[in-house]
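Q: Taken in order, these protein sequences are the chains called E and P.
Quick note on my numbering: the first sequence kicks off at 1 and runs consecutively.
Quick note on my numbering: the second sequence kicks off at 1 and runs consecutively.
Just so you know, the hints here were simulated from the structure itself, not pulled from any lab data.
Since this is a predicted model, take the numbers as computed values, not measurements.
Be a bit skeptical, because a hint or two may be false.
Within a straight-line C-alpha distance of at most 25 Å, the following computed DSS-like cross-link-like pairs (lysine-lysine) qualify [as the list claims (entries may be wrong)]:
no., chain 1, residue 1, chain 2, residue 2
1, E, K12, P, K182
2, E, K12, E, K138
3, P, K183, E, K89
4, P, K126, E, K89
5, P, K34, P, K182
6, E, K131, E, K13
7, E, K131, E, K29
8, P, K182, E, K89
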Amino acid sequence: MDSSQSVYHALKKSGIDLIVSLPCVNLGKVMEMVECDSEIIHVPVTREEEGFGICAGAFMGGKRTGILMQNSGLGNSVNALASLFELYKIPVLMIMSHRGTEGEFMSAQIPMGTATPKVLDALGIQYFNPKTPEEALKIIPKAWQIAETRGTPIGILLDIKFW
Amino acid sequence: MKRIDAIQKISSQLENELVVCNIGFPSRELHHVKDSNNHFYMLGSMGLASSIGLGLAMSTNKKVVVIDGDGSVLMNMGSMVTVYNQSPDNLIWVVLDNECYGSTGSQCTYASSFNLGDVAEAIGFKSTYSFDLDTGEMDFKEVLNSEGPVFVHFKVEPGNADVPVIPMEPLEIRDRFMESVKK
Chain E
1 MDSSQSVYHA LKKSGIDLIV SLPCVNLGKV MEMVECDSEI IHVPVTREEE GFGICAGAFM
61 GGKRTGILMQ NSGLGNSVNA LASLFELYKI PVLMIMSHRG TEGEFMSAQI PMGTATPKVL
121 DALGIQYFNP KTPEEALKII PKAWQIAETR GTPIGILLDI KFW
Chain P
1 MKRIDAIQKI SSQLENELVV CNIGFPSREL HHVKDSNNHF YMLGSMGLAS SIGLGLAMST
61 NKKVVVIDGD GSVLMNMGSM VTVYNQSPDN LIWVVLDNEC YGSTGSQCTY ASSFNLGDVA
121 EAIGFKSTYS FDLDTGEMDF KEVLNSEGPV FVHFKVEPGN ADVPVIPMEP LEIRDRFMES
181 VKK
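Next up, chain E with everything else stripped away, as it sits in the complex (with noise of 0.2 Å):
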């Protein structure tokens, strides 16, 4: 299976209905797909934060939301993670690609590589780690219930390796 159509399919299976995004050369072809899509409200932003700002109030209006990101991304959206998201308890399907992972050809990309995890934990917020195409669209579903059961940001890491 491509990968970028299993991250696609799981987005799909998952419910998600308004997707914000920034773009990552990995997740150009998953973009695509989700800007064609009819069911799924698109817009692009132009910081990860505020793509977290459109997203809590997409959630309070009865959407289900999730953010295409770089990794690099989670460093400028942390307080709107812990005083918007935490505070409220608000769910958003956080698809990172993770760069500065096995593979990495630009040295620029592995301290916020390195840190993305430990922010991730920092801010107790859960993640996962698919290998393939075939765990990610078994496991983004089922972390997409985790977050609406507790009301919790989640975030699915996926390695250079993935693509």
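Chain P: place on chain E using the hints.
A: Here is chain P on its own, set in the frame of chain E:
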């Protein structure tokens, strides 16, 4: 005009609109002059009032009024182009501009050196309004009836009213508001 008077003037003309109100004294002042099930009071995430309002406006047919501040807009100016491009016709974005970070002790923002309303017009917002602290009179009904997204630039005096902290838990604020959105 003081900010609390502007909030009073706006809220007195609202009926069934949903309101997303900025963190700090703006929310406290709104809660003090008029509490309603239609109000979402922000307790954190400075800068995101317009983003929360946009996500909400794109998920409901009801009108959404965002009460924002100049310091918060400056923290998330990208939101102006996202709102413009998504163009929800049910969103009214009010910026109460006192040229300072009021809730933290009235330290100056850069809003005194340029006009936020001009920025909105330059981006392309079709409906923009400008209210001034001296004129006093405003017809917010006209604003509510304009085709959105509407950008309202409202100059007010610095300073906070002596009003208490909102005596509600975050989940209470959320659940009450979400019930109201569904109705």
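Q: Look at each hint and say if it fits the structure.
A: Each hint, compared with the structure:
Taken as a hint, the K12 (chain E) and K182 (chain P) pair is honoured in the structure, with Cα atoms around 24 Å apart against an allowance of 25 Å. Between K12 (chain E) and K138 (chain E) the alpha-carbon distance is near 12 Å, which keeps this suggested pair within the 25 Å criterion. The suggested pairing of K183 (chain P) with K89 (chain E) holds, with an alpha-carbon distance near 21 Å, which does not exceed 25 Å. This hinted pair does not check out: K126 (chain P) and K89 (chain E) have alpha carbons roughly 36 Å apart, beyond 25 Å.
In summary, the hint linking K34 (chain P) to K182 (chain P) is supported, as the alpha carbons are separated by about 21 Å, within the 25 Å threshold. For a cut-off of 25 Å, the pair hint linking K131 (chain E) to K13 (chain E) stands: about 19 Å separates their Cα positions. The hinted pair formed by K131 (chain E) and K29 (chain E) meets the criterion: a straight-line CA distance of about 18 Å does not exceed 25 Å. Distance check on the hinted pair: K182 (chain P) and K89 (chain E) sit about 18 Å apart at the alpha-carbon level, within 25 Å; holds.
The structure fails hint 4 only (numbered hints given earlier).
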